[in-house]
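J.: With chain E's structure known, arrange chain R on it following the hints.
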Amino acid sequence: EPEVTQTPSHQVTQMGQEVILRCVPISNHLYFYWYRQILGQKVEFLVSFYNNEISEKSEIFDDQFSVERPDGSNFTLKIRSTKLEDSAMYFCASNGMEAFFGQGTRLTVV
Amino acid sequence: GENVEQHPSTLSVQEGDSAVIKCTYSDSASNYFPWYKQELGKGPQLIIDIRSNVGEKKDQRIAVTLNKTAKHFSLHITETQPEDSAVYFCAAQGSSASKIIFGSGTRLSIRP
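Protein chains in written order, with this note's numbering: chain E, 1 to 110; chain R, 111 to 222.
Treat the hints with caution; some may be incorrect.
[Unchecked claim] For each label pair, taking beta carbons as the anchor points, the in silico distance ranges come out as:
| no. | chain 1 | residue 1 | chain 2 | residue 2 | range |
| --- | --- | --- | --- | --- | --- |
| 1 | E | Val24 | R | Glu115 | 32 to 38 Å |
| 2 | R | Gly151 | E | Glu18 | 24 to 30 Å |
| 3 | E | Pro8 | R | Ser219 | 29 to 35 Å |
| 4 | R | His186 | E | Lys78 | 40 to 46 Å |
| 5 | E | Ser27 | R | Gly204 | 21 to 27 Å |
| 6 | R | Gln191 | E | Ser81 | 43 to 49 Å |
| 7 | E | Asp63 | R | Gln124 | 47 to 53 Å |
[Said to hold, decoys possible] Listed next, the in silico DSS-like pairs over lysine-lysine satisfying Cα-Cα at most 30 Å (straight line):
| no. | chain 1 | residue 1 | chain 2 | residue 2 |
| --- | --- | --- | --- | --- |
| 8 | R | Lys132 | R | Lys152 |
| 9 | R | Lys168 | R | Lys132 |
| 10 | E | Lys42 | R | Lys132 |
| 11 | R | Lys181 | E | Lys57 |
| 12 | E | Lys78 | R | Lys152 |
| 13 | E | Lys42 | R | Lys181 |
| 14 | R | Lys168 | E | Lys42 |
| 15 | E | Lys57 | R | Lys152 |
| 16 | R | Lys132 | E | Lys57 |
| 17 | E | Lys57 | R | Lys178 |
| 18 | E | Lys78 | E | Lys57 |
| 19 | R | Lys152 | E | Lys42 |
| 20 | R | Lys178 | E | Lys42 |
| 21 | R | Lys167 | E | Lys42 |
Treat the hints as calculated values from the structure; they're not laboratory data.
All C-beta atoms, glycine included, are put in the ideal place defined by N, C-alpha and C.
Bound-form chain E, shown alone (with noise of 0.2 Å):
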């Protein structure tokens, strides 16, 4: 079964510290997302991805967050001054015909 991989699985981090989690999607898929999920609760979307823009972004998603394809493979989220309020579990996920998510990174703000 085709798998979406995420890196890494936990990360803890300062306050005000910046992080990158990293997904590397599906090879044939086009569209990628990350969601997150606060311990407990829904999965909420983020921001969508698509021919090396966003697509969509929620109100979550603001000048905090950042997404990037930096090499063709490789599909990063980078959270900058991370609050305490940033710890979650973050999943990414890819979409050709069916949409697969990784096993997330939790993250843990300090």
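T.: Below, chain R alone, put in the same frame as chain E:
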């Protein structure tokens, strides 16, 4: 805005019985409806999906139904087993480029 409602939020069934989870969506442009199973500490795992050109799809013990007129879709799990215990999310999407909107999830527990 677009919304997906999911019920119930928790569901406990006896092993061997059936479980049904129901969702409604608001965006009439939605045409792809995946269902995800999420186990503790893991990502959402696609278990079955349905597109708007069909009304029902089955894969072994799992089936999904879609009523586009009423904007309802449902997940049916028959002959439930302990390993079916997880959180299940319904979702809806328009085109492949558009966001996937999740329901709030159903925590399914299978009683031995």
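J.: Work down the list of hints and note, for each, if the structure agrees.
T.: Against the structure, the hints:
Checked against the given bound of 32 to 38 Å, the beta carbons of Val24 of chain E and Glu115 of chain R, roughly 33 Å apart, stay inside it. In this structure the supplied range 24 to 30 Å holds for Gly151 of chain R paired with Glu18 of chain E, their Cβ-Cβ distance being about 25 Å. The hint said 29 to 35 Å for the Cβ distance between Pro8 of chain E and Ser219 of chain R, and at roughly 31 Å that hint holds. Distance hint for His186 of chain R and Lys78 of chain E: a CB-CB separation of about 41 Å, consistent with the stated range 40 to 46 Å.
Roughly 24 Å separates the CB atoms of Ser27 of chain E and Gly204 of chain R, a value that falls within the hinted 21 to 27 Å. Range check, Gln191 of chain R to Ser81 of chain E: Cβ separation about 46 Å, and the 43 to 49 Å hint holds. Evaluation of the 47 to 53 Å hint for Asp63 of chain E and Gln124 of chain R yields a pass: the beta carbon distance comes to about 51 Å. For the hint pairing Lys132 of chain R with Lys152 of chain R, the CA-to-CA distance comes to about 23 Å; that is within 30 Å, so the pair holds.
Restraint check: the Cα-Cα separation between Lys168 of chain R and Lys132 of chain R comes to about 16 Å, which is no more than 30 Å; the hinted pair holds. About 16 Å separates the Cα atoms of Lys42 of chain E and Lys132 of chain R, which keeps this hinted pair within 30 Å; it holds. A C-alpha spacing of about 25 Å is found between Lys181 of chain R and Lys57 of chain E, which places the hinted pair at or below 30 Å, so the restraint holds. At most 30 Å may separate the alpha-carbon atoms for a hinted pair to count; Lys78 of chain E and Lys152 of chain R meet this at roughly 21 Å.
A threshold of 30 Å between alpha carbons decides the hint, and for Lys42 of chain E with Lys181 of chain R the separation of about 21 Å falls inside it, so the pair holds. The suggested pairing of Lys168 of chain R with Lys42 of chain E holds, with an alpha-carbon distance near 26 Å, which does not exceed 30 Å. A hinted pair counts as satisfied when its Cα atoms are at most 30 Å apart, and Lys57 of chain E with Lys152 of chain R qualifies at roughly 24 Å. Using a Cα cut-off of 30 Å, the hinted pair Lys132 of chain R and Lys57 of chain E holds, with the two alpha carbons roughly 27 Å apart.
Between Lys57 of chain E and Lys178 of chain R the alpha-carbon distance is near 27 Å, which keeps this suggested pair within the 30 Å criterion. At most 30 Å may separate the alpha-carbon atoms for a hinted pair to count; Lys78 of chain E and Lys57 of chain E meet this at roughly 14 Å. Note on Lys152 of chain R and Lys42 of chain E: the hinted pairing holds, with a Cα-Cα distance of about 14 Å set against a maximum of 30 Å. With a CA separation close to 24 Å, the supplied pair Lys178 of chain R and Lys42 of chain E stays within the 30 Å bound.
With a CA separation close to 25 Å, the supplied pair Lys167 of chain R and Lys42 of chain E stays within the 30 Å bound.
In summary, the structure agrees with every hint in the numbered list given earlier.
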